[in-house]
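Chemist: First to last, the sequence lines map onto chains A and B.
According to this note's numbering, the stretch in the first sequence is residues 315 to 695, in order.
According to this note's numbering, the stretch in the second sequence is residues 81 to 216, in order.
Among the hints, a few may not be true.
Claimed, not checked - Residues from chain A shown here face chain B by an in silico Cβ test under 7 Å; the list is partial:
#, residue
1, 380
2, 419
3, 460
4, 509
5, 594
6, 686
To be verified - List time: in silico DSSO-like cross-link candidates among lysine-lysine, alpha-carbon distance up to 30 Å:
#, chain 1, residue 1, chain 2, residue 2
7, A, 412, B, 152
8, A, 422, A, 412
9, B, 178, A, 547
10, A, 396, A, 365
11, B, 116, A, 408
12, A, 408, A, 396
13, A, 422, A, 408
14, A, 365, A, 422
15, A, 365, A, 335
16, B, 209, A, 422
17, B, 208, B, 152
18, B, 152, A, 422
19, B, 152, B, 131
20, B, 116, A, 422
21, A, 408, B, 131
22, B, 152, B, 215
23, A, 396, A, 422
24, B, 152, B, 209
25, B, 116, A, 412
What the hints assert, rightly or not - If you want the ones that stay clear, here's a sample from chain A, every Cβ over 10 Å from chain B, calculated:
#, residue
26, 368
27, 399
28, 451
29, 482
30, 589
For the record, the hints were derived by calculation from the structure and aren't laboratory data.
Backbone N, C-alpha and C fix where the C-beta goes; we use that ideal spot for every residue, glycine too.
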Amino acid sequence: MTHLATITMSPWFAQADLDWKTFALWSVVKIVCVVGVLLFFVAYSVLAERKISAFIQDRLGPNRVALPLIGSIPVIGPFLTKLGFWQPMVDGLKSFLKEDFTPAHVRKVYFWLAPAITMIPAFLTVAVIPFGSTLGNQQMVIANLDVGILYTFGIVSLGVYGIVLAGYAANSKYPFLGGIRSSAQMISYEIAMGMSVIPVFMLVGNLNLNSVITYQTGHLFNWVLLPNWLVFKQPIAFLIFLVAAFAETNRMPFDMPECETELVGGYNTEYSSMKFALFFMGEYANMIASSAMMVTLFFGGWTLPWFGLDQPAGNFIGGVLHIGIFIAKMLAFMVFFIWVRWMVPRFRYDQLMNLGWQRFIPLALVNIVVTGAVLWLLAGH
Amino acid sequence: MVDSQQLREYVPVLILAAVAIAFAFGTLALSVVVGKWANRSRRTGHSTRVKDIAYECGMIPVGDGSSRLSVKFYLVAMLFILFDIEVVFLYPWAVVYKSMLVDHANLIFGSMLTFLGILFVGYIYALKKRAFEWKS
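Please build the complete structure, drawing on both the sequences and the hints.
Modeler: Okay, structure coming up:
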């Protein structure tokens with residue numbers, strides 16, 4: 315009797331006493347790996363951006379930086395140098411070595427907080443994204459939350475604070491305009507984004523992102539060529555989500571906040587050294603997170619419908635393969651992000667707001683109604 | 081009754097938050113230290129009057145940094161709060177929609193149409209009041 319009482323009375327963390335240590339240990343291992351990979355991709359997507367833009371504009375891009383020893387290895391050294399492989403490391407080192415200067419006219423506390431507040435949500439978004447099936451007995455997701463997508467939207471909305479604070483803290487005209495523009499833009503597209511994915515969850519019936527992936531296994535219409543991805547069932551939702559993701563990450567057709575030709579650098583005009591680099595890294599980390607989100611919601615996550623790759627992996631090789639599939643899909647989206655930046659001219663601000671409020675919100679509403687009606691008809695009433 | 085399994089899933093989120101905060105502030109702190117060390121032979125750290133003024137393309141800044149802004153931005157903020165709350169109400173409904181179609185199909189479909197209809201009337205009102213127009 316006393317024994318039973320202790321079990322029911324004990325707090326939630328003591329109930330799983332047996333595997334508590336292993337759980338914490340594996341969580342830390344997963345977090346360290348994910349953050350490491352994320353930082354790697356952040357650094358090298360900056361390089362990819364420079365290289366792809368150079369390719370599109372018929373230039374060479376970064377091809378000079380070489381490390382003393384590795385640069386003189388016969389074939390590999392010059393090749394990596396030409397690829398610009400060492401550029402991100404040197405760029406990172408350079409931002410550290412610059413004088414960390416805080417101008418006298420800024421609001422100091424917010425000025426220091428803003429870069430950190432931009433960076434932290436970008437990191438936190440990846441927590442719920444399943445980046446693989448299983449590896450050993452571990453699920454390849456940092457936190458398998460049942461509220462999945464709500465958590466993501468909650469964290470994404472925190473990203474507004476960093477930019478707004480930066481604009482306010484700088485106490486200077488260009489950053490102020492950049493911060494104000496960006497806050498209005500980001501909150502507008504947040505609504506379109508939140509509405510666009512509702513049909514997805516009407517189909518799935520669960521907010522957990524793992525169930526979204528489970529839903530997308532198999533083939534569409536039992537036809538072997540087409541995967542059962544939600545992008546085919548909800549193309550309008552995907553389109554709205556994609557455009558809203560561009561607006562939320564302040565990428566090119568919608569990069570109003572930093573708009574070089576009008577606002578110098580926008581909200582980060584007064585920043586220097588690593589504080590500037592943190593804004594930069596935050597932007598790219600956000601791009602990676604939203605790419606991962608789109609892959610999970612609309613492109614089947616870590617699954618491929620062929621060769622049984624849509625079932626959780628039974629062995630180690632399968633688990634690694636699933637992570638590889640996820641990363642490949644994510645990188646395809648990253649290239650798309652970069653490609654669009656160098657292909658599409660910037661929107662005017664009123665056009666941007668009209669697109670969000672007058673096109674996408676009604677479109678998303680109609681999409682919800684149509685999905686609901688189709689499901690209602692299919693249910694046979 | 082709280083699902084202990086689900087509560088446990090928030091522990092990695094907290095760890096990740098700690099890692100992210102440590103990374104962000106660690107980088108900021110390290111940047112100050114390394115920046116001081118790397119520039120120790122130069123005359124940095126001195127703030128001169130010119131270095132301290134706000135950047136305005138090389139001109140001396142005129143007036144205050146934060147000027148007045150268009151009322152449109154406040155309007156967008158208010159509309160955001162209204163619509164975002166409506167979006168939040170849509171999520172619980174979307175999740176139960178499929179399972180409720182089995183037994184109470186007309187009830188859930190009808191309540192969806194009613195809610196979205198009211199939302200849409202509000203949207204049309206804001207549209208007719210030209211709240212979304214940016215050209216003045």
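Chemist: Decide, hint by hint, whether the structure agrees.
Modeler: The hints, checked one at a time:
no. : hint             : in the structure
1   : 380              : violated, 21 Å
2   : 419              : holds, 5 Å
3   : 460              : holds, 6 Å
4   : 509              : holds, 6 Å
5   : 594              : violated, 12 Å
6   : 686              : holds, 5 Å
7   : A:412 with B:152 : violated, 39 Å
8   : A:422 with A:412 : holds, 19 Å
9   : B:178 with A:547 : holds, 16 Å
10  : A:396 with A:365 : holds, 10 Å
11  : B:116 with A:408 : holds, 13 Å
12  : A:408 with A:396 : holds, 20 Å
13  : A:422 with A:408 : holds, 24 Å
14  : A:365 with A:422 : violated, 36 Å
15  : A:365 with A:335 : violated, 45 Å
16  : B:209 with A:422 : violated, 41 Å
17  : B:208 with B:152 : holds, 15 Å
18  : B:152 with A:422 : holds, 29 Å
19  : B:152 with B:131 : violated, 35 Å
20  : B:116 with A:422 : holds, 18 Å
21  : A:408 with B:131 : holds, 21 Å
22  : B:152 with B:215 : holds, 10 Å
23  : A:396 with A:422 : violated, 41 Å
24  : B:152 with B:209 : holds, 13 Å
25  : B:116 with A:412 : holds, 8 Å
26  : 368              : holds, 28 Å
27  : 399              : holds, 23 Å
28  : 451              : holds, 16 Å
29  : 482              : violated, 7 Å
30  : 589              : violated, 7 Å
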